[in-house]
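In order, the protein sequences belong to chains A and B.
Residues in the first sequence are numbered consecutively from 1, following the numbering used here.
Residues in the second sequence are numbered consecutively from 1001, following the numbering used here.
Treat the hints with care, since some could be wrong.
No farther apart than 27 Å at their CA atoms in a straight line, the calculated lysine-lysine pairs in the DSSO-like style are these [claimed, not checked]:
1) Lys1247/B / Lys1187/B
2) Lys66/A / Lys1053/B
3) Lys1178/B / Lys1053/B
4) Lys35/A / Lys1247/B
5) Lys21/A / Lys35/A
6) Lys67/A / Lys1002/B
7) Lys21/A / Lys1339/B
8) Lys1223/B / Lys1053/B
9) Lys1223/B / Lys1358/B
10) Lys21/A / Lys1223/B
11) Lys1187/B / Lys18/A
12) Lys35/A / Lys1003/B
13) Lys1339/B / Lys18/A
14) Lys35/A / Lys67/A
15) Lys18/A / Lys1076/B
16) Lys22/A / Lys35/A
17) Lys1053/B / Lys1339/B
18) Lys1140/B / Lys18/A
19) Lys68/A / Lys1003/B
20) Lys18/A / Lys67/A
21) Lys18/A / Lys1053/B
22) Lys1223/B / Lys1002/B
Computed spacing ranges between beta-carbons, pair by pair [unchecked claim]:
23) Val1330/B / Lys21/A: 50 to 60 Å
24) Lys67/A / Lys1002/B: 15 to 25 Å
25) Ala53/A / Leu1137/B: 25 to 35 Å
A few chain B positions that, by computed beta-carbon distances, are all more than 10 Å from chain A [as the list claims (entries may be wrong)]:
26) Val1070
27) Phe1091
28) Lys1187
Hints in this document: simulated from the structure, not taken from any laboratory.
Nothing here was measured: the structure is a model prediction, and the numbers come from that model.
Virtual Cβ for every residue (Gly too), placed ideally from N, Cα, C.
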Amino acid sequence: MLDARGLLCPMPVVMVQKELKKSAPAVLEILVDDKCAVENITRCAQTNGYEAAVQNRDGDMLVTLKKK
Amino acid sequence: MKKQNLLVILTGVAVGIAALALTALGNPANMGFCIACFERDTAGALGLHSAAKVQYLRPEILGLILGACVMALATKEFRAKSGSAPATRFFLGALVMIGALVFLGCPLRMVLRLGGGDLNALVGLAGFAAGIAVGALFLKKGFTLRRNYTAGRIEGSILPSVALLLVVLGLAVPAIFKASTEGPGAKHAPFLIALAIALVVGALAQRARLCMAGGIRDAILLKDCHLLYGGLAIFVTVLIGNLILGKFSLGFRSQPIAHSSELWNFLGMVIVGWGSVLLGGCPLRQLILAGEGSGDSAVTVFGMVLGAALAHNFNLAGSADSVNDAGEFVRGGISGAGKLVVGLAIAALLVISLLNSKKEAPEHA
């Protein structure tokens, strides 16, 4: 799981993009605390052939990316 | 069309219309909004510099912060956070402001100037994009100002509270603030109307995540053009508006509150683009983030206000093209001190970028 809490845009999505390019995981979970980051990660996921689901987790947001 | 794209385009159109309206109501030409100019004017109103022609408590700045704050509270996005390299952010804010005042405008005004036919802004745009590209390169190399952390509610409320206090004082006892009687500072839309327009724009910009630097940055870094649509929408709206209103004047020379010293237009905006990427957003975005509760962005705004004061106290800001008494064109530009500081600012950005870049594995929870 990537922990992108406390990181300002575009750092969370940059982290995600690096991870997707590096290992193309079937599933990737990212913990964020910023709605803007969720939106950016979701767009990045769609571009890279993933679908994104968001769950609240103790005030933060867990974004789960699954390869389509 | 995707919902997010539509929102950012509609926000861009609203910002363009708001800028045209504010100019028609009294703001300087091609300056419906300018975060740099208006923070500079506000710094002057507070007596932080003594340039008599650029002093006025600009309700646009206050309204943008408060509009974003109200929207963030309404959507439960207000979160008090801070602790991400505040001293570095303060310093970067000052540098970005000095760069913007060398060019004579923030990225938003750059787009408004382009929409008015000012081709010097095209040179500024080239510098802005170049600065963003350099900043993006460092982001790829691992640049970070580290994490922020959840803070007490008061930390996130400082700048919105200051903005609210200034609105109240500006309405109740305006005489306590310095106000220009001539020059750009003397040209302004009515206080309450400008405040109302800025509240709406601030709220929309918060929802759309509008950021002039973010558009180019994301296109370079992520091949995501989503935010670029906002800037394009502002440009097209202002262009059409100026053509209809007969305010469009294509050229380099004698454009309103602009100079045609192209090297310094370019380098000034290199500083703005590069610094904005390191900060995570353009000057407008910093105001919006401060409204959402970011103590780091509030510190950045304070840094920008200091930068504005320094720019005028030490004659670093650009001077506009003009026509002398004999009717001859006098090219504007920046002083020797301004040129030196531009060089030092670029060197400082390089040092900050290098020292905060590190190759690291992704941080797993």
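Hint-by-hint comparison with the structure:
1. Lys1247/B / Lys1187/B: holds, 17 Å
2. Lys66/A / Lys1053/B: violated, 58 Å
3. Lys1178/B / Lys1053/B: Answer holds: lysine 1178/B to lysine 1053/B is near 10 Å, not above 27 Å.
4. Lys35/A / Lys1247/B: Outside the cut-off at roughly 40 Å; violated.
5. Lys21/A / Lys35/A: holds, 23 Å
6. Lys67/A / Lys1002/B: holds, 21 Å
7. Lys21/A / Lys1339/B: Violated, at about 42 Å.
8. Lys1223/B / Lys1053/B: violated, 43 Å
9. Lys1223/B / Lys1358/B: Distance ~23 Å between lysine 1223/B and lysine 1358/B Cα, so the pair holds.
10. Lys21/A / Lys1223/B: holds, 14 Å
11. Lys1187/B / Lys18/A: Given pair lysine 1187/B, lysine 18/A is violated - Cα atoms ~49 Å apart, limit 27 Å.
12. Lys35/A / Lys1003/B: holds, 15 Å
13. Lys1339/B / Lys18/A: Measuring from Cα to Cα gives roughly 38 Å; hence the hint is violated.
14. Lys35/A / Lys67/A: Since the Cα atoms of lysine 35/A and lysine 67/A sit roughly 22 Å apart, the hinted pair holds (cutoff 27 Å).
15. Lys18/A / Lys1076/B: Given pair lysine 18/A, lysine 1076/B is violated - Cα atoms ~30 Å apart, limit 27 Å.
16. Lys22/A / Lys35/A: Holds, because 25 Å separates the two Cα atoms, which is no more than 27 Å.
17. Lys1053/B / Lys1339/B: holds, 22 Å
18. Lys1140/B / Lys18/A: holds, 9 Å
19. Lys68/A / Lys1003/B: Roughly 22 Å between the alpha carbons, so the hint for lysine 68/A and lysine 1003/B holds.
20. Lys18/A / Lys67/A: Roughly 16 Å between the alpha carbons, so the hint for lysine 18/A and lysine 67/A holds.
21. Lys18/A / Lys1053/B: With Cα atoms ~49 Å apart, lysine 18/A and lysine 1053/B exceed 27 Å; violated.
22. Lys1223/B / Lys1002/B: Within the cut-off at roughly 16 Å; holds.
23. Val1330/B / Lys21/A: 50 to 60 Å: holds, 53 Å
24. Lys67/A / Lys1002/B: 15 to 25 Å: Check passed, 21 Å falls within 15 to 25 Å.
25. Ala53/A / Leu1137/B: 25 to 35 Å: For alanine 53/A and leucine 1137/B the Cβ distance comes to about 33 Å; the hint holds.
26. Val1070: holds, 16 Å
27. Phe1091: holds, 17 Å
28. Lys1187: holds, 35 Å
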